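Chain residues, written in single-letter form:
Number of protein chains: 8
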Amino acid sequence: MSKALVSIVMGSDSDLDIMREAAAALEGFGIGYEIDVTSAHRSPERTAEYAQKAASRGVRVIIAGAGGAAHLAGVIAAHTWLPVLGVPIQSKLHGLDSLLSTAQMPGGIPVGTLAIGEAGAKNAALLATAILATSDETIRQKLEDFRRKQSEAVLAVKLPK
Amino acid sequence: MSKALVSIVMGSDSDLDIMREAAAALEGFGIGYEIDVTSAHRSPERTAEYAQKAASRGVRVIIAGAGGAAHLAGVIAAHTWLPVLGVPIQSKLHGLDSLLSTAQMPGGIPVGTLAIGEAGAKNAALLATAILATSDETIRQKLEDFRRKQSEAVLAVKLPK
Amino acid sequence: MSKALVSIVMGSDSDLDIMREAAAALEGFGIGYEIDVTSAHRSPERTAEYAQKAASRGVRVIIAGAGGAAHLAGVIAAHTWLPVLGVPIQSKLHGLDSLLSTAQMPGGIPVGTLAIGEAGAKNAALLATAILATSDETIRQKLEDFRRKQSEAVLAVKLPK
Amino acid sequence: MSKALVSIVMGSDSDLDIMREAAAALEGFGIGYEIDVTSAHRSPERTAEYAQKAASRGVRVIIAGAGGAAHLAGVIAAHTWLPVLGVPIQSKLHGLDSLLSTAQMPGGIPVGTLAIGEAGAKNAALLATAILATSDETIRQKLEDFRRKQSEAVLAVKLPK
Amino acid sequence: MSKALVSIVMGSDSDLDIMREAAAALEGFGIGYEIDVTSAHRSPERTAEYAQKAASRGVRVIIAGAGGAAHLAGVIAAHTWLPVLGVPIQSKLHGLDSLLSTAQMPGGIPVGTLAIGEAGAKNAALLATAILATSDETIRQKLEDFRRKQSEAVLAVKLPK
Amino acid sequence: MSKALVSIVMGSDSDLDIMREAAAALEGFGIGYEIDVTSAHRSPERTAEYAQKAASRGVRVIIAGAGGAAHLAGVIAAHTWLPVLGVPIQSKLHGLDSLLSTAQMPGGIPVGTLAIGEAGAKNAALLATAILATSDETIRQKLEDFRRKQSEAVLAVKLPK
Amino acid sequence: MSKALVSIVMGSDSDLDIMREAAAALEGFGIGYEIDVTSAHRSPERTAEYAQKAASRGVRVIIAGAGGAAHLAGVIAAHTWLPVLGVPIQSKLHGLDSLLSTAQMPGGIPVGTLAIGEAGAKNAALLATAILATSDETIRQKLEDFRRKQSEAVLAVKLPK
Amino acid sequence: MSKALVSIVMGSDSDLDIMREAAAALEGFGIGYEIDVTSAHRSPERTAEYAQKAASRGVRVIIAGAGGAAHLAGVIAAHTWLPVLGVPIQSKLHGLDSLLSTAQMPGGIPVGTLAIGEAGAKNAALLATAILATSDETIRQKLEDFRRKQSEAVLAVKLPK
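Chains as they are written, first to last, in our numbering: chain A, 1 to 161; chain Z, 1 to 161; chain G, 1 to 161; chain P, 1 to 161; chain X, 1 to 161; chain H, 1 to 161; chain E, 1 to 161; chain W, 1 to 161.
By construction, these hints were calculated from the structure, which means they are not laboratory data. Please read these numbers as outputs of a predicted model, since none were measured by experiment. Backbone N, C-alpha and C define an ideal beta-carbon position, used for all residues, glycine too. One or more of the hints may lead you astray.
Claimed, not checked - Listed below are several chain P residues computed to face chain H (Cβ distance under 10 angstroms; list not exhaustive):
no.: 1; residue: Gly32
no.: 2; residue: Asp36
no.: 3; residue: Val37
no.: 4; residue: Thr38
no.: 5; residue: Ser39
no.: 6; residue: Pro44
no.: 7; residue: Lys92
no.: 8; residue: Leu96
no.: 9; residue: Asp97
no.: 10; residue: Thr138
no.: 11; residue: Ile139
no.: 12; residue: Gln141
no.: 13; residue: Leu143
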């Protein structure tokens with residue numbers, strides 16, 4: 001695989017089924033990515049170091065998925081200037097806690113939050129792709145193709161009688 | 001002002017006090033921006049056209065602020081491949097409706113959602129800056145300076161006795 | 001089937017099981033309808049065109065079902081003067097997000113919102129029927145019959161011992 | 001004033017400031033309306049009789065505004081085949097209780113629910129107008145004019161520097 | 001069975017499994033009850049008449065269970081001076097809508113609201129029993145016995161190792 | 001004043017403005033009451049003793065108002081067989097916490113919960129009155145008079161032009 | 001087992017599966033504990049006595065788990081100066097009611113609230129351990145070991161390909 | 001002042017008015033404390049270092065107050081074995097976001113969460129005092145005195161006529 005431009009991290013390997021949606025979407029665009037588990041709470045030094053070194057490794061966007069008091073995206077954003085995208089993962093309160101913990105960041109440290117769960121993981125990858133596309137013609141072209149095909153797929157739906 | 005790299009739109013001029021936070025942050029980085037009112041509901045053709053032409057005008061990121069059943073960011077995202085950042089603006093339900101309407105997008109069309117209100121508007125500008133910084137050394141340097149000064153400001157706080 | 005007076009649209013074919021309740025209720029009154037999938041986000045031009053042309057095709061009421069950041073009813077209402085009825089479809093947050101995204105429309109573009117899920121889909125059809133009944137004696141008579149029978153059915157319920 | 005085609009009712013005269021928005025919008029279209037206070041709980045017989053006789057008085061749409069455990073729209077809908085539109089009015093819980101009490105009707109008795117508060121009252125009148133417009137060319141023309149002017153007003157907004 | 005002192009009503013026979021908890025608790029005290037289905041929305045006249053005549057039939061407390069926009073308890077309370085107890089039944093939003101629709105009654109018409117679901121149904125019967133016990137020594141004695149045995153049962157719980 | 005048939009308690013004297021609504025309503029019916037402050041948390045022994053002795057003092061219904069993690073009504077209900085009515089008082093979360101803490105009692109110990117705030121305090125008194133009316137003809141007559149006058153007052157409302 | 005330093009109580013034996021997580025964590029540190037069922041509502045005297053005598057028995061921290069209108073932790077805290085930790089247990093509203101009923105205590109009587117469900121039960125034991133560790137070197141050392149191993153376990157996670 | 005046994009930290013000096021309640025309560029017991037501003041997001045290295053060194057400085061309990069996506073308590077807990085108590089501070093969503101972000105921690109890293117706002121700040125200090133009292137007779141005695149006086153103050157409340 002090509003060099004990792006996008007980093008996908010999650011707080012626990014139990015989040016993997018959901019975060020695979022992000023990986024699959026990036027693969028569809030041929031965008032290199034790395035994927036790892038690191039916890040804001042149980043491995044904080046490693047999380048800080050991971051975030052601090054991501055830019056110098058060539059990563060351009062970080063996607064972080066976590067549930068409950070979902071601090072992972074915010075903690076990573078605290079340690080890097082890179083764009084950080086947060087995916088709230090459903091938990092006891094169906095992800096309402098995860099969504100609020102990810103989105104309600106204080107002024108100064110931004111996290112771009114996507115929807116709860118699988119749709120959010122997929123969209124995080126699509127937004128990362130759009131970010132890369134702002135300075136990469138090839139990716140932009142692939143993204144425009146994807147969007148056109150996606151529209152065509154909706155137009156082609158036939159409802160069963 | 002230099003060419004607009006960021007477009008700030010809002011659903012109503014009553015949202016201006018909040019969205020000015022985004023403009024002010026971009027000005028702090030010397031990043032050119034345009035700012036306008038367009039409604040997903042009351043001027044839908046203009047909103048669609050605005051979104052469709054933004055990339056060719058040179059815009060690289062769109063920030064959309066709206067309240068209530070806040071569709072503006074989602075509708076703009078539907079009409080452009082550019083990264084779209086949504087700012088939920090507080091309303092009757094304190095912005096919970098605006099946050100859910102902005103964040104809970106279906107798979108396929110991403111919106112990166114920030115916090116409700118002023119903090120979210122400021123952070124949308126900071127995230128747009130980070131996106132630009134992924135391909136612009138000068139902006140990256142300014143963003144790292146900003147982040148360092150922001151940390152130093154926290155360290156310098158003296159609580160009154 | 002007779003000419004379509006009611007248009008039923010949904011954002012995804014995964015919503016069909018719920019929206020069939022609307023179709024079934026209209027069939028019970030012998031009211032012609034069309035049913036289709038169109039997405040506010042993934043096929044926005046088609047959605048706009050669909051809404052713009054509905055009145056001239058003879059449609060008198062549009063029913064739109066969608067979930068999550070449910071923009072479909074609002075986007076359709078933005079493109080037509082016809083009465084638009086929204087059905088929030090349950091999702092990660094059990095439809096609370098869908099309900100708020102459908103109901104909390106800004107002043108100027110109305111959407112009449114029904115309950116979350118199957119009950120809402122059925123009631124959207126009943127409200128469309130009532131709208132048609134305001135200018136059609138035959139439909140009004142059928143609706144009054146339906147209501148009377150519905151009452152009688154409640155009166156006839158026998159609880160098991 | 002011309003004959004009342006729309007009936008505006010509210011549960012308490014404390015709701016009048018909000019429900020005036022509905023009256024004002026109808027006046028803008030020259031549509032005759034009646035406006036009254038009747039409570040689902042404190043004057044139930046009168047509310048039932050009001051609803052039962054509305055159609056025969058010539059009313060074509062009923063708009064009901066109430067707050068808290070907002071039963072007014074549902075109780076009126078139980079007593080008439082006419083289209084009933086509900087306006088949730090904010091209370092201790094900012095209208096979340098009013099919205100759920102109005103929107104979550106069981107299958108069989110529909111209420112078309114608008115947004116909480118002033119925007120909802122205005123939109124109830126606009127939806128009533130759209131309902132009347134399905135069978136009245138003059139009203140339809142006025143509604144299309146209103147919508148065009150509303151769009152033009154958004155396009156004409158100039159943000160202060 | 002002895003004369004009905006308590007009336008248990010529900011909006012739909014699908015609520016029976018939950019409302020049986022109320023019936024079972026009353027049977028445990030040997031208190032006569034009637035149990036029936038009547039809908040605030042689908043059979044409003046019957047519901048009104050039922051409530052209006054309950055006191056003269058000898059009923060002393062009415063228990064009403066309903067879900068969603070749960071209007072049944074409030075509508076019954078509007079038509080009788082008898083104490084009315086409401087049981088919110090879970091629905092799409094897990095009973096939050098039912099609870100708010102039952103509890104948030106306006107000043108003037110009280111409903112005593114119990115917990116969502118089975119626990120609420122059981123407790124409605126226990127509260128009805130307590131109400132009867134305020135003027136009936138035999139019932140009071142049985143209630144005190146029940147409460148003492150209930151405490152003893154908690155004290156006797158042995159956790160498995 | 002006549003002997004106290006109703007006991008009004010609240011967790012803090014800051015709740016008095018709201019709980020006065022209950023006292024005023026009882027005074028309107030000439031029903032004797034006592035009113036006091038006792039805390040489930042800060043004076044638990046006194047609260048327990050107060051509840052345990054209420055019945056033998058002649059009290060027939062207890063009304064308890066509290067906010068936040070509102071345990072007062074539940075704790076009182078744990079110590080008496082008397083009917084206990086709970087009034088949730090608004091706090092940081094506008095009374096949603098108070099409402100859930102009062103209403104969601106486990107099976108076995110009932111609390112009849114009224115609306116949040118002033119309306120709930122008034123209705124607690126009205127429900128206490130209805131409970132007393134089940135065995136007191138004079139009170140029943142006064143309650144029916146109150147209800148009739150309340151209806152007439154609604155019928156007499158004249159909206160300003 | 002060694003003397004009980006931690007007391008684990010729960011409102012019902014149906015909470016045992018969740019509260020076992022607390023017991024298991026304490027066992028991992030070799031900390032003596034007692035575990036019992038006592039209800040704030042159904043056995044209030046025993047609960048009060050249990051709390052009042054815990055300190056003199058040598059207990060140093062009390063963990064209380066309960067659901068719904070979860071009063072157990074607050075009631076215990078009212079009867080002891082010992083640190084009390086509350087575990088909200090999920091119920092009809094997924095534990096939102098339990099969380100608010102446990103956390104929103106009035107000033108004067110503190111309860112340290114953990115997360116809803118299993119994670120909260122485990123963390124209550126870990127927080128109790130930390131409390132004991134503030135004055136016990138052996139426990140502190142074990143806790144630091146646990147935390148280090150926990151971090152290492154996260155670092156050692158290998159995602160499947 | 002004596003050596004700091006308790007550390008009070010907050011994410012911003014705008015939180016000081018609320019967190020002063022904690023300081024005042026500790027002063028009432030003569031317990032030494034330090035109070036400082038440090039942000040989980042804007043000064044993450046300093047926050048980590050602060051937490052890592054607190055135990056060796058002699059601190060025994062850390063109290064952390066923050067609002068919105070309130071990560072401060074969780075981030076501090078990630079870097080120390082000391083007991084960490086979190087105070088959710090109200091923000092756009094009245095503190096619901098702050099409460100969920102503080103309380104819903106994953107298993108392994110506990111935070112004892114208090115109520116939203118002033119009551120929570122005061123109670124954090126009282127819980128810290130109780131923790132210290134588990135190994136300090138003098139503090140235990142002062143805490144028991146405080147609790148007795150607090151009860152007496154409730155008993156002494158006289159309601160105005």
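Violated hints, by number in ascending order, as checked against the structure: 1, 10, 11, 12, 13
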